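Protein chains in written order, with our numbering: chain A, 4 to 289; chain B, 9 to 301.
Worth flagging that the hints you see were computed from the coordinates, not collected in a lab.
The structure displayed is predicted, hence computed values, not measured ones.
Careful, some of the hints might be misleading.
Claimed, not checked - Pair ranges (Cβ atoms, derived):
{"hint": "1", "chain 1": "A", "residue 1": "V81", "chain 2": "B", "residue 2": "G149", "range": "45 to 53 Å"}
{"hint": "2", "chain 1": "B", "residue 1": "A69", "chain 2": "A", "residue 2": "P206", "range": "31 to 39 Å"}
{"hint": "3", "chain 1": "A", "residue 1": "V269", "chain 2": "B", "residue 2": "D55", "range": "53 to 61 Å"}
Each residue gets a CB set at the ideal place from its N, CA and C atoms; glycine is no exception.
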Amino acid sequence: MSARRAGRIAAYGLMIGASALWVIPLLFALYISFRPYSETSQYGYMSLPHHLTLSNYLNAWTQADLPRFFINSVEITVPAVILTLFLASMVAFVVVRADIKINVALLLLFTAGNLLPQQVIITPLYRLYLLIPLPSFISSSGLLYDSIAGLIVINVAFQTGFCVFVLSNYMRTIPGDMYEAAEVDGASMWSRYWRLTLPLCRPALAALATLLTTWIYNDFFWAITLMVTGSKRPITSALANLQGQFVSNQNLIAAAAVMAAIPTLVVYILLQKQFIAGLTLGATKG
Amino acid sequence: MIAVPVLADLAFIWGPALTSVALSFFQWSGVGGVQLRSCHPTVFIPDNGCVFGVQNYVQAATVYPPFWPAVEHNVIWLLVFTFLAAPAGMLFAVIIDSGIRGSRIYQTVLFLPVMLSLALIGIIWEFIYSPNFGLINTIIGHNTNANLIDWLGNPKLNLWAILVEASWRQIGYVMVLYLAGLKSVDPSLREAALMDGANPWQSFWRVVFPAMRPINIIVLVVTVIESLRAFDLVYITNQGTNGLQLLSSLITSNIVGEVSRIGFGSALGVVLLVISLVPISIFLYQTFGRRAT
Chain A
4 MSARRAGRIA
14 AYGLMIGASA
24 LWVIPLLFAL
34 YISFRPYSET
44 SQYGYMSLPH
54 HLTLSNYLNA
64 WTQADLPRFF
74 INSVEITVPA
84 VILTLFLASM
94 VAFVVVRADI
104 KINVALLLLF
114 TAGNLLPQQV
124 IITPLYRLYL
134 LIPLPSFISS
144 SGLLYDSIAG
154 LIVINVAFQT
164 GFCVFVLSNY
174 MRTIPGDMYE
184 AAEVDGASMW
194 SRYWRLTLPL
204 CRPALAALAT
214 LLTTWIYNDF
224 FWAITLMVTG
234 SKRPITSALA
244 NLQGQFVSNQ
254 NLIAAAAVMA
264 AIPTLVVYIL
274 LQKQFIAGLT
284 LGATKG
Chain B
9 MIAVPVLADL
19 AFIWGPALTS
29 VALSFFQWSG
39 VGGVQLRSCH
49 PTVFIPDNGC
59 VFGVQNYVQA
69 ATVYPPFWPA
79 VEHNVIWLLV
89 FTFLAAPAGM
99 LFAVIIDSGI
109 RGSRIYQTVL
119 FLPVMLSLAL
129 IGIIWEFIYS
139 PNFGLINTII
149 GHNTNANLID
159 WLGNPKLNLW
169 AILVEASWRQ
179 IGYVMVLYLA
189 GLKSVDPSLR
199 EAALMDGANP
209 WQSFWRVVFP
219 AMRPINIIVL
229 VVTVIESLRA
239 FDLVYITNQG
249 TNGLQLLSSL
259 ITSNIVGEVS
269 RIGFGSALGV
279 VLLVISLVPI
289 SIFLYQTFGR
299 RAT
C-alpha cells in the first residue's frame with residue numbers, strides 16, 4: 004500500500020513540476036511584453052517590475068505593421084483551408100465509393116506525399132514557382148513565386164494528403180446501403196457526394212478545419228522560401244524579419260509574439276476537443 | 009472530380025520530388041538551361057547546366073564542411089526525440105489516463121506548445137536563454153560579462169538548448185497521441201491481466217502497450233519525420249549555422265542563399281528523401297498492407 008502511495012505522490016510531483024516547466028516560458032514572454040525596454044535593459048528580464056505598460060503592444064501594432072501581416076495570414080489561411088477540405092473530400096469520396104482499380108494507389112500517393120519532409124521538394128519547387136506566370140492582378144510579382152496565391156497552392160497541395168487519409172477512413176464508416184438507396188432514387192455521383200456524404204462528415208470536417216487553420220497559420224517554411232517580399236509575408240514568418248528589424252527592442256518582439264499567438268490560443272481554448280480529435284482521427288482509425 | 013487534386017499533388021509534390029532526384033545529377037546555378045552533356049572537368053571555371061554524375065554526392069560527403077555535422081545533428085535530434093521525448097510523452101499520457109486529480113489541467117498545459125508555431129517557440133525561448141537578461145543565467149548567477157553562458161551562441165551547447173525547445177513541443181504531441189491510444193484499448197484486457205495477478209507495470213508492458221500497436225507505429229513515424237523536418241527552430245535562432253546545421257537548413261541555404269546551387273541542393277534533398285522513405289514505407293505497409301490482405 005505504501006508503495007502505491009509513494010507512486011501517487013511521485014506522479015503528482017512529476018505532473019505539477021512538468022506543468023510548471025511548460026507554462027514558465029509562456030508566462031515569461033508575457034511578463035517581458037508588459038515591461039518597458041528601458042527597465043529590462045537596466046535590470047534584466049527577471050527583475051521586479053517598476054512599471055507595467057501596454058506601449059510594447061501599441062508599438063508593435065503601429066511600428067511593426069502587425070495588422071498587415073495578420074491580413075496576409077488570413078488571406079492565405081482561409082482560402083487554403085476551404086480548398087483543401089473541398090479537394091480532399093472529393094478524393095476521399097471517390098477513393099471510398101467509386102469502384103476503380105487505382106483507388107488504393109491514389110490513397111498511397113496522397114498519404115505518402117504528405118509525409119515527405121518539405122525540404123525534399125523545395126529545390127525544384129522553388130524553380131517551378133519562378134517559371135509559372137500569373138496575371139498581375141493576382142500576383143504583383145507576375146509569378147507564382149512571391150505571391151499569396153503561390154502560398155495557398157503549396158499549402159493546399161501539401162495538406163490535402165493528410166485530409167484525404169483521414170476523410171477516407173471516416174467515410175468508410177458510412178454504411179453502404181445509404182448509397183444504394185440514393186442510387187435507386189437516381190441521385191447523381193455529385194449529389195451523393197455533396198448532399199449525402201459531406202453532411203455526414205461534418206464532425207471530421209470540423210476537426211480537420213481546426214487543425215488545418217492552425218497548421219497553415221503556423222507555417223514558416225513555405226513562406227520563408229517561396230515569398231521574398233517581407234511585407235507580403237504572413238505573420239508567423241514575418242516575426243523572423245521583425246526580430247532583425249527590432250533587434251535592440253526585444254520587449255516589442257515579445258509583444259508581437261504574444262499577439263501572433265493569440266489566434267491559435269483562441270482556437271485552442273474554444274476548439275481544443277476538435278483539434279485533438281483531428282489529430283487522433285488519422286491515428287486511431289487508420 | 010479528382011482531376012484537380014490529383015494534378016495538384018503530382019505537379020507540386022511528386023513532380024518536384026522526382027525532379028529533385030534528376031537534378032541531383034546536374035551542375036546548375038539556376039541561370040540558363042540544363043543540357044544533357046557532361047560537365048567540363050575544369051576546376052577554376054565551374055561549368056553550368058550540365059550532367060555532373062554523382063559528383064554532387066561526392067562533394068557533399070567529402071569537401072562540403074557542414075554536411076557531416078548536419079547529419080550528426082539530425083541523428084542526435086532523432087535520438088533525443090526517440091529516447092527522451094517519446095517516452096516522456098507516453099509517461100505523461102499514462103499518468104493522465106490513470107485518472108489523477110486535475111488531469112484535464114495537466115493535459116491542457118502540456119499540449120499548449122503544440123498549438124504554437126515553431127518560429128514562435130524559438131522566439132519565446134530566446135528570453136529564457138538570453139545571456140545577460142535571460143531566466144536561466146539570472147537564476148544560476150551567470151549573467152555578468154565575466155561568466156556568461158551563451159546557450160544559443162556556443163556551438164557546443166546550442167544544439168542541446170534547441171532540443172529542449174523542440175522536446176517541449178514534441179512531448180505534448182506524443183502525449184495526445186498516446187492518450188487516444190490508451191482510450192482505444194479495451195478495458196477488459198487490462199482487467200483480465202490484473203485478475204491473472206499481473207502488477208500494473210506488467211499489465212502495461214505485456215498487455216496495454218502491445219495493444220496500442222497502431223499508435224506506436226504512428227508515434228514512431230511522427231518521431232522520425234519530425235526529426236528530419238526540423239528546420240524552423242534552428243532557422244529562427246541563427247539560420248542553421250554555427251553548431252545548428254541540419255540537412256534541412258543546408259538545402260535551404262543552397263537555393264535561396266547568395267550562391268544558388270540547384271544540383272547540389274537537390275542532392276542534399278535526395279539524401280533526406282531516401283532516409284524519409286524508411287518511416288514512410290513502414291507507415292504505409294502497416295496501414296495499407298494489412299488492409300489489402
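Hints breached by this structure: 2
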